[in-house]
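K.L.:
Could you build the full structure based on these sequences and the hints that come with them?
There are 2 protein chains.
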Amino acid sequence: MAEAHADPNKDAPYDLIYWHVIPGRGEHIRLCFVEAGVRYSDTAFNEGGMDTLHAYISENNTGDERNPPPLAPPILKHGDLVISQTPNILMYLGPRLGLAANGGNDIFKINELALTALDGLSNEVHNCHHPIAIDLYYEEQKEECLRRVKDWVKHRLPKYLGYFERVLAGKASGEGPWLYGGVLTWADLVFFQTLDGTTYFFRKAVAAARKSGKYDRVFQHYEAVKARPRIAEYLPSVHRQKYSNYGVYRYYEELDVEAE
Amino acid sequence: MAEAHADPNKDAPYDLIYWHVIPGRGEHIRLCFVEAGVRYSDTAFNEGGMDTLHAYISENNTGDERNPPPLAPPILKHGDLVISQTPNILMYLGPRLGLAANGGNDIFKINELALTALDGLSNEVHNCHHPIAIDLYYEEQKEECLRRVKDWVKHRLPKYLGYFERVLAGKASGEGPWLYGGVLTWADLVFFQTLDGTTYFFRKAVAAARKSGKYDRVFQHYEAVKARPRIAEYLPSVHRQKYSNYGVYRYYEELDVEAE
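Order-wise, the sequence lines are chains A and B. Residues in the first sequence are numbered consecutively from 1, following this note's numbering. Residues in the second sequence are numbered consecutively from 1, following this note's numbering.
Hints may be right or wrong, so weigh each one.
[As the list claims (entries may be wrong)] Quick partial rundown of chain A residues pointing at chain B, CB under 7 angstroms, derived from the structure:
1. N67
2. S84
3. Y92
4. K109
5. N111
6. P131
7. I132
8. A172
[As the list claims (entries may be wrong)] Taking lysine to aspartate or glutamate pairs in the DMTMM-like style, the calculated list, with each CA pair at most 20 angstroms apart, reads:
9. K204/B x D151/B
10. K159/B x D135/A
11. K77/B x D15/B
12. K150/A x E260/A
13. K211/B x D196/B
14. K150/B x E140/A
15. K154/B x E140/A
16. K142/A x D151/B
17. K159/A x E143/B
18. K154/A x E260/A
19. K142/B x E140/A
20. K142/A x E59/B
21. K77/A x D11/A
Worth flagging that the hints you see were computed from the coordinates, not collected in a lab. Quick caveat, the model's predicted, so the values are computed rather than measured. Glycine residues also receive a C-beta, built at the ideal position from the N, C-alpha and C atoms.
P.N.:
What follows is the structure in structure tokens.
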């Protein structure tokens, strides 16, 4: 079991390998480093960074003796460790960056909340502009998108907002605005970022949800993360990349629908 | 960090809370218990099991002092721990059931592989019968499904089969048929189950992929898991539920397309 091992990479630098131009899924990793005040390198801002990224995800890469090849970014290199998959990287970093409440089995509660936010407010939202195929352009599946978003804002958005409202109302969330254990964890950063992106995509529907008063804890949580000193300093900086129509969170006026 | 804590639930029974009738995502958890030879209870086979399940996912459930409410099954109860999300439960169980190679940072390599199999060969396949909305019946989105599966078998199926072929060819997979470290881990069980379900859904496309000779390691891996003594005994038993058109993996003749 993991418990028995010392961490050989404890003092190694953290290298994030992710696309430039979009915040994307890499942004979840960045927010953890920012909140923790821990330095990291980022291929999005390094010269030659995209060459590094493409070498990792090349079809010729079979990994090395200790690491399988990654399918896609984000990728984290930490010493001799190379891992991918957003929730996996977060679970690795959470305890190391002091974002895991009391550790122990708390990491499984936090991972559960992070996975649920990523499922609902990232993967499902992504599929709102690519319901048919990731390989096709949005413009090639516009009609299907419109059909999908109408259902999504009506059924799925309230499902996830209601779920997190319930989590925040529950005893396990503890005192204060956070999702678990009364302290800020990586799940709070993930939920913040997924709601921020969803708000960019679905301006009208999220504004209506906020106004409804049904999800007050959710929006207080959002503001509480945004007001964390290091996050507040980061968000207007050049390192916080803008959403654009290459990423998970996009803005198409015709898809910005209200729940009927 | 997790490393510092003893496990207070070490000797508690394992209770799986999952839907009856379908293998679904709960099947990944079951295969771990089966391979490890560890007893567990399963609401799919217990009288009153669905009442238990519905109480957990009720909109009135706000969890308890230590556990947030789960959004959806599978749910694992182990002593006072209640956790949900398939990859999360697997990561909790893997080291406890001896399915985590050497533990330590190996769990992050294994989780990466499990998440990738679930993304590609479970979530993406599920969306092949529900591209527009989970809340609508297949029959209400048939046309979109047909468009989606044609793209999926052409682009996505080979992407994932090729990826796992590459993992199996890589040094980190070690000797023998397994994905990581030369031993069977929970990622092997997940990849087996996702490929088994995908084969049920896309009979023609998977048969063609097998015949192509491009993915020999992948299909040898599949056969190696299937031949594990406890798995081989389990698969024909009543506890291995049949795929049906309520679950992730379905069969619609019109969607059983070949790559063009």
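K.L.:
Against this structure, judge whether each hint is valid.
P.N.:
Verification of the hints:
1. The interface hint given for N67/A is met, as the beta carbon of that residue sits about 6 angstroms from the closest beta carbon of chain B, less than 7 angstroms.
2. Hint status for S84/A: holds, given a least beta-carbon distance of 6 angstroms to chain B, under 7 angstroms.
3. Given the 7 angstroms rule on beta carbons, the hint for Y92/A holds: about 5 angstroms separates it from the nearest Cβ of chain B.
4. Below 7 angstroms, beta-carbon pairs count as interface contacts, and K109/A has one with chain B at about 6 angstroms; its hint therefore holds.
5. With its C-beta approaching chain B no nearer than about 5 angstroms, N111/A sits inside the 7 angstroms limit, and its interface hint holds.
6. Using the Cβ-Cβ criterion of 7 angstroms, the hint placing P131/A at the interface with chain B is satisfied: the shortest such distance is roughly 4 angstroms.
7. At about 5 angstroms, the closest approach between the beta carbon of I132/A and any beta carbon in chain B falls short of 7 angstroms, and the interface hint on this residue holds.
8. With its C-beta approaching chain B no nearer than about 5 angstroms, A172/A sits inside the 7 angstroms limit, and its interface hint holds.
9. Restraint check: the Cα-Cα separation between K204/B and D151/B comes to about 14 angstroms, which is no more than 20 angstroms; the hinted pair holds.
10. Between K159/B and D135/A the CA atoms are separated by roughly 12 angstroms; this keeps the pair inside 20 angstroms, and the hint holds.
11. Distance restraint check for K77/B and D15/B: the Cα-Cα separation of roughly 5 angstroms lies within the 20 angstroms cut-off, and the hinted pair is therefore satisfied.
12. Restraint check: the Cα-Cα separation between K150/A and E260/A comes to about 8 angstroms, which is no more than 20 angstroms; the hinted pair holds.
13. This hinted pair checks out: K211/B and D196/B have alpha carbons roughly 16 angstroms apart, not beyond 20 angstroms.
14. Taken as a hint, the K150/B and E140/A pair is honoured in the structure, with Cα atoms around 14 angstroms apart against an allowance of 20 angstroms.
15. Taking the CA atoms of K154/B and E140/A, the gap is near 17 angstroms; set against the 20 angstroms cutoff, the hint holds.
16. A C-alpha spacing of about 16 angstroms is found between K142/A and D151/B, which places the hinted pair at or below 20 angstroms, so the restraint holds.
17. Proposed proximity of K159/A and E143/B is contradicted: the alpha carbons are some 26 angstroms apart, above 20 angstroms.
18. Restraint check: the Cα-Cα separation between K154/A and E260/A comes to about 7 angstroms, which is no more than 20 angstroms; the hinted pair holds.
19. A C-alpha spacing of about 18 angstroms is found between K142/B and E140/A, which places the hinted pair at or below 20 angstroms, so the restraint holds.
20. Under the criterion of a C-alpha separation no larger than 20 angstroms, the hint pairing K142/A with E59/B is inconsistent with the structure, at around 34 angstroms.
21. Proposed proximity of K77/A and D11/A is supported: the alpha carbons are some 13 angstroms apart, at most 20 angstroms.
Of the numbered hints stated above, those contradicted by the structure are hints 17, 20, listed in ascending order.
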